[in-house]
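Colleague: Residue strings, one per chain:
Number of protein chains: 2
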Amino acid sequence: MGEVRVIEVHEDVFAQNNHAAADVRQMLADNGTFFINVMSAPGSGKTTLLTALISRLKDKVNIAEMDVDIESSLDAQRVADATGVKSLQIHNGGLCHIDADMTKRALQDFDIEGVDLLILENIGNLVCPAEFDTGAHKNVMLLSVPEGDDKPLKYPLMFTVSDIVLITKTDTMGFFNFDPDKAKERILKLNPNAVILPVSAKTGEGMEELESLILDAVQKNK
Amino acid sequence: MGEVRVIEVHEDVFAQNNHAAADVRQMLADNGTFFINVMSAPGSGKTTLLTALISRLKDKVNIAEMDVDIESSLDAQRVADATGVKSLQIHNGGLCHIDADMTKRALQDFDIEGVDLLILENIGNLVCPAEFDTGAHKNVMLLSVPEGDDKPLKYPLMFTVSDIVLITKTDTMGFFNFDPDKAKERILKLNPNAVILPVSAKTGEGMEELESLILDAVQKNK
Numbered sequence: 000m001g002e003v004r005v006i007e008v009h010e011d012v013f014a015q016n017n018h019a020a021a022d023v024r025q026m027l028a029d030n031g032t033f034f035i036n037v038m039s040a041p042g043s044g045k046t047t048l049l050t051a052l053i054s055r056l057k058d059k060v061n062i063a064e065m066d067v068d069i070e071s072s073l074d075a076q077r078v079a080d081a082t083g084v085k086s087l088q089i090h091n092g093g094l095c096h097i098d099a100d101m102t103k104r105a106l107q108d109f110d111i112e113g114v115d116l117l118i119l120e121n122i123g124n125l126v127c128p129a130e131f132d133t134g135a136h137k138n139v140m141l142l143s144v145p146e147g148d149d150k151p152l153k154y155p156l157m158f159t160v161s162d163i164v165l166i167t168k169t170d171t172m173g174f175f176n177f178d179p180d181k182a183k184e185r186i187l188k189l190n191p192n193a194v195i196l197p198v199s200a201k202t203g204e205g206m207e208e209l210e211s212l213i214l215d216a217v218q219k220n221k
Numbered sequence: 000m001g002e003v004r005v006i007e008v009h010e011d012v013f014a015q016n017n018h019a020a021a022d023v024r025q026m027l028a029d030n031g032t033f034f035i036n037v038m039s040a041p042g043s044g045k046t047t048l049l050t051a052l053i054s055r056l057k058d059k060v061n062i063a064e065m066d067v068d069i070e071s072s073l074d075a076q077r078v079a080d081a082t083g084v085k086s087l088q089i090h091n092g093g094l095c096h097i098d099a100d101m102t103k104r105a106l107q108d109f110d111i112e113g114v115d116l117l118i119l120e121n122i123g124n125l126v127c128p129a130e131f132d133t134g135a136h137k138n139v140m141l142l143s144v145p146e147g148d149d150k151p152l153k154y155p156l157m158f159t160v161s162d163i164v165l166i167t168k169t170d171t172m173g174f175f176n177f178d179p180d181k182a183k184e185r186i187l188k189l190n191p192n193a194v195i196l197p198v199s200a201k202t203g204e205g206m207e208e209l210e211s212l213i214l215d216a217v218q219k220n221k
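Line order of the protein sequences matches chains A and B.
So that you can map any letter, position 47 of the first sequence is 46 in numbering that gives the first Met the number 0, and since no number is skipped, the others follow by simple counting.
So that you can map any letter, position 128 of the second sequence is 127 in numbering that gives the first Met the number 0, and since no number is skipped, the others follow by simple counting.
Worth flagging that the hints you see were computed from the coordinates, not collected in a lab.
Please note that a few of the clues may not be correct.
Heads up, the list lumps identical chains together, so a pair's fine if it works in one copy or across two of them.
To be verified - Here are the simulated SDA-like pairs of lysine to any residue, each with C-alpha atoms no more than 20 Å apart in a straight line:
#	residue 1	residue 2
1	201	100
2	181	71
3	57	90
4	201	152
5	201	173
6	201	171
7	221	174
No experiment lies behind these values; they were computed from the predicted model shown.
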């Protein structure tokens, strides 16, 4: 008989993840750090938006940023170059998500003492990241105008687990078949408590509201 | 001691998938059917492009189309309404990919006798679908201009396994920071044999070349 390796099944993976998420939340509480997990499809504008948001916030609160990618370090470098904040690139070796255990290990390496706001730029994917609690206080997701207003119908879990939904690249609204009212209606049907905010890093639309929203949450966490 | 369930590990999942892919290819050979697997990020324009392509091809070859989604049936309905071809919606229950076993089961239900060209619209995702052979003869992937020219650096496996890379929504080139030469260079570095074609379903750019490319492959398969 050959060797049989055993791995635990799905339910246990999630139970283990919930333990790791609780550990992450304890590490955050010990440091007074507010943690947001930013998710979207590839190319929705996460890095551009976060760079613009961090530039607005960095003189008001102490920020650290973590980026997840399969093997490149482009995004963490872009954020660090543009904003000067402490930035960490996590390579997840080809997985389609990051879970709380990976976040926990990253936080063991990445000192968050004195950090008021920790931002995680998740891997570009509308399926897998929605399934894993990373230990974040709030999930933020981006739906870009070029992707279309039907995405809540097609990737419902992502919209269900997101506290804040940013409609991005609103400056391109005229070029795509995107109905903002339909998008909002579909998001709120899945998640009646979602805060929905149209933004454009290019024109600055919505950026002041987003800044206030995050700043307010960081201050309430103190 | 509680009950321990055992599932086989990753390598065996891929080995099983390769068996199923061989079964799918035999079913295709028995029917003289050419099969393409179409992949991309969410919102890259798969359904719009396929509708335009099928409309051009449907009087020349007999086409059937399968759409994968988590739980909605929007895409199969859109293709069927716009083109009149036989269309099947596969619900994959929340997974981030479709594998050859799912394709095989779909083909057991979905009669492909007399079908010259079978098209699979995969789930919108740049990570998981690249890992699973679906039994297709050719992988086609879409990279839309709004997503940015850095995607080959960030999702390398998808570009490595794709025979044809379509740069879509080229009509929006002026509005986004997308350098087609950089995109091509990055794709060819991963996959020197990739056929790269800029297309726009809106303006028709590249659609004649794409039609010829697919028609030629279907005829060579006979």
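Colleague: Looking back at the hints listed earlier, which ones does the structure fail to meet?
Modeller: Violated hints: 1, 3, 4, 7; rest satisfied.
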